[in-house]
Amino acid sequence: MNLTELLDVAAAEKARQRPIKVHCCTSTGCRSANATAVMGNLQQAVENENLSDQVEVIGVGCMGFCGRGPLVQIDPQDDLYEEVTPEDAPSIIEALNGGSAKSIKGDAQHPFFARQMKIVRQHSGKVDPERIESYIALGGYQSLFKVLYEMEPVDVVGEIQQSGLRGRGGGGYPTGLKWATVAKMPGNQKYVICNGDEGDPGAFMDRSVLESDPHLVLEGMAIAGYAIGANHGYIYVRAEYPLAIKRLQKAIQQAKKYGLLGSQVFDSPFDFKVDIRIGAGAFVCGEETALIQSIEGGRGNPVPRPPYPAEKGLYGCPTLINNVETFANITSIIREGADWYASIGTENSKGTKVFALTGKIRNNGLIEVPMGITLREIVEDMGGGVPDGEVKAVQTGGPSGGCIPASMLDTPVDYDSLRAIGSMMGSGGMVVMDHTTSMVEIAQFYMEFCRGETCGKCVPCRTGTVQLYALLTKLLKRQATAADLEKLEALCLMVRDTSLCGLGQSAPNPVLSTLKYFRQEYDDLLVQPAYLNGTSSAAEAVTL
Amino acid sequence: MDKIKFATIWLAGCSGCHMSFLDLDEFLIDLADLVDVVYSPVGCDLKDYPEGVDVCLVEGAVANEDNLELIYQVRRRTQTLIAFGDCAVTANVPAMRNMLREGAKPVLERGYLELADENPHLPHAPGIVPELLDRVLPVHEVVPIDIFMPGCPPSADRIRATLEPLLQGQQPAMVGRDMIKFG
Amino acid sequence: MAVKTLKIDDIDVAIEAGATLLQAAQEAGVPIPKLCAMKGISSIGACRLCLVEVEGINKLLPACVTEVAEGMVVHTQTPKLQEYRRMTVELIFAEGNHVCSICVANGNCELQDVAIEVGMDHSRFTYRFPDRGVDLSHPSFGIDHNRCILCTRCVRVCDEVEGAHVWDVANRGAACYIVSGLNQPWGEVSACTSCGKCVDACPTGAIFRKGETTGEKQRDRDKFAFLSTAREKREWTR
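Listed in order, the protein sequences are those of chains A, B and C.
So for the first sequence, the working numbering puts the first residue at -12; every next one is plus one.
So for the second sequence, the working numbering puts the first residue at 5; every next one is plus one.
So for the third sequence, the working numbering puts the first residue at 10; every next one is plus one.
Keep in mind the hints are simulated off the structure, nothing from the lab.
For every residue, glycine included, the Cβ atom is placed at its ideal position computed from N, Cα and C.
It is possible that part of the hints are untrue.
[As the list claims (entries may be wrong)] With a straight-line cut-off of 25 Å between C-alpha atoms, the simulated PhoX-like cross-links for lysine-lysine are: (1) Lys89(C) / Lys474(A); (2) Lys299(A) / Lys68(C); (3) Lys244(A) / Lys260(A); (4) Lys68(C) / Lys503(A); (5) Lys237(A) / Lys1(A).
[As the list claims (entries may be wrong)] Pairwise CB distance ranges (calculated): (6) Ala267(A) / Ile20(C): 46 to 52 Å; (7) Leu463(A) / Val143(C): 23 to 29 Å; (8) Gln227(C) / Asp161(B): 33 to 39 Å; (9) Asp121(B) / Gly285(A): 52 to 58 Å; (10) Asp21(C) / Asp161(B): 35 to 41 Å.
Throw the hints in and build the complete structure from the sequences for me.
Set out below in structure tokens:
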């Protein structure tokens, strides 16, 4: 494969395509609402209406408005249909032939769509994730060709550094600096790892990217491999994402067939092979050192850093490990340039961020917004606010993050601002809560999650989370005294400061942030010690 | 100066801590000069725990309703409460039934039904035989404790080293192997 | 060989590059509590008791896996560290069934020693009383999971020194336990050579010799450091 051949594939694909494209979402969310049957009926209707010459039905990835799925979108007229049923699906095709559609017509210009800026999700909902030709027709793999033939590895690293891209897994470590570190490490064997072990409750950004546009991630990984001198990459995907795994497998096979992955990519001396590793359902394997242990076949336990994976990672070799969304940004930076990317966002947080907007909110789904947008714009304008009542708090960062009170909704969404108010960007979960939500219950929910997901290696995380959960439960059972609340706070700080890995270090965050902003709710639950009021009701100990 | 009002109580324990207390030997005579023993299973015969007690040693864990009622009263009426021995501090051996998870039922059935030689029946006499609590608890999980004196039992030396400073109005230093080793 | 100099609790120490802070502290005579670290096997930084403060670094660092660096200024006994260590020990005591009075290791137990060292006179955390089981299927030894603190010394000593890898950790979080073979009774694990290294390595009374009394409970922990030097440097006497 060379550039001419790549462009030929793109041209042939464009020639094959029909003028009217009916995009039907086939991602997990819409699938669970019967999208596969919708798509079948759409295809059947095209045949029945004799429109096969002008209309094609394309199974695509996520369009974002998951709360209203299954979604069908038609180009070029940009018509959107929501909550399409298999029965009503044929009427959408009939409408193209002068009939009338029975399905709910959505507003494609709604702020939910209009306020978005799509880089990571640029092809989502347009590209057929199961056909590489569809990706190539949209300019796919041209960035990889560009770096292989027009750039030195050091220039690629420089471009990423200049772009200001930061890790999208949650930590926000500068991506370019990480690449530069691995690139400069001595050693012949290096690895690239894509972390797709997304596990925060309510978060599904990475799943959507992998299901909707797998080649975008693969191309990003290959560019990284060239930049740092690695010939082998791994994608670690959790087993709970079967569709993402299936589509990735297909994508890797197709890319290998075209010579875009494997030996001598684009007929150059660069080799890059990608293997999939499937996680066995442990949240902690999203932590990079645990993930590496798991790829090696060991128990998914984090190990102390340093040494960082950049120095000593997979099989003891220098390893670059980035999140799915981070890799999905790479092709655009190469294509449009670092300066373009750096012009988006805020001073220290560049580009866009994908969020999974869920909870007590009208418009549920996936959004991609420029950094620096305020929480209020996301929740009220794009999300349409709370159905009945008002926003009480927004939770970002999942079990590692915190609850932001409604009074701080004007905070801009960027790494540093969120951290400054006791939460974090996290991987992109954003859960909206209204007045019916008890913040102590929320804290207990996340602590229950961490208690179940701690690997058990280090003492504070293994047993501190159990005690924290017990104290929160005691509070909610109205058996806790002021001394218990004091103990809760002290233990939170201890678990945060002494745990081995990020899971334990951040596990107390939901408690600490709700204590900071909603302390009254904790105080309201406190009771007097039993001995003071003379009751002799048997002390009902909280069972651990 | 009034004598220090001194008490000891015995909850769910084996009385070994009290035996160790009696091991204080001749110090008991010195002690008798300094304190009034106002309540104790080994030191006096009063049935009601009085008001205004200065120091009380609490042996044993909280295992039944009687223990619970007494410790609530003791806490309200005592200045300095000392968890005396491992049962009071950790619930120790009496609490090993907590592992069985189903409250007091498994131990009662084992003791009074399965192992009974004749006439197996569960004890039930409200107001006479106190009901067992579901879980046996260390004393500080029920009321605040001022000083912890671990040991199974604490040696007479450890008891003396704890009491002597208290009698002089000072806090004992509960540190080091001699003072806080469990077991 | 390069040497690094550093300051631990105001004591100047010079030690070879590559050494850990724990080794340097031992050299300086500064005691740092620890439970999972043991000479002769790899260090994993799991018990978090050996955390220390290093000036200029805002995180607490585990001394057992942190390499010395030139000019480091280390504090091992700040009030924060003392409080966190005590909480750590309390959490361990509350997690299992550590009933010292009926344990064969009473008076010969590292967990008990550490509790004294950090000044723990009681646990502020609720005792959990888990029902974890005892395995007495091995002819010579037994394992009482109720007394296990999951330090994984037995796992490492069996894997790294004996080479049998009889032990590993099963499950996760609060459900973690030390598992023998393929979750078989210990006595049925053919890989076990009955060498007893795990008995010597165990800091508590969790792994014990059958029939041994409290008075007889003795361990030979120096054996592991000796074996490791013997194999690496061919020094076969001690």
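Hints, one by one, checked against the model:
1. Between the alpha carbons of Lys89(C) and Lys474(A) the distance comes to roughly 15 Å, so the proposed pair stays at or under 25 Å and holds.
2. About 21 Å separates the Cα atoms of Lys299(A) and Lys68(C), which keeps this hinted pair within 25 Å; it holds.
3. Only pairs whose Cα atoms come within 25 Å are accepted, and Lys244(A) paired with Lys260(A) is accepted, the gap being roughly 12 Å.
4. Simply put, Lys68(C) and Lys503(A) have alpha-carbon atoms about 22 Å apart, close enough for the 25 Å limit, and the pair holds.
5. Restraint check for Lys237(A) and Lys1(A): satisfied, since their Cα atoms lie roughly 21 Å apart, inside the 25 Å limit.
6. For Ala267(A) paired with Ile20(C), a C-beta distance near 47 Å keeps the hint of 46 to 52 Å intact.
7. For the pair Leu463(A) and Val143(C), the beta carbons lie near 35 Å from each other, so the given range of 23 to 29 Å is not met.
8. Restraint check, Gln227(C) to Asp161(B): a C-beta distance of roughly 26 Å breaks the suggested window 33 to 39 Å.
9. Evaluation of the 52 to 58 Å hint for Asp121(B) and Gly285(A) yields a pass: the beta carbon distance comes to about 56 Å.
10. At roughly 40 Å, the beta carbons of Asp21(C) and Asp161(B) sit within the given window of 35 to 41 Å.
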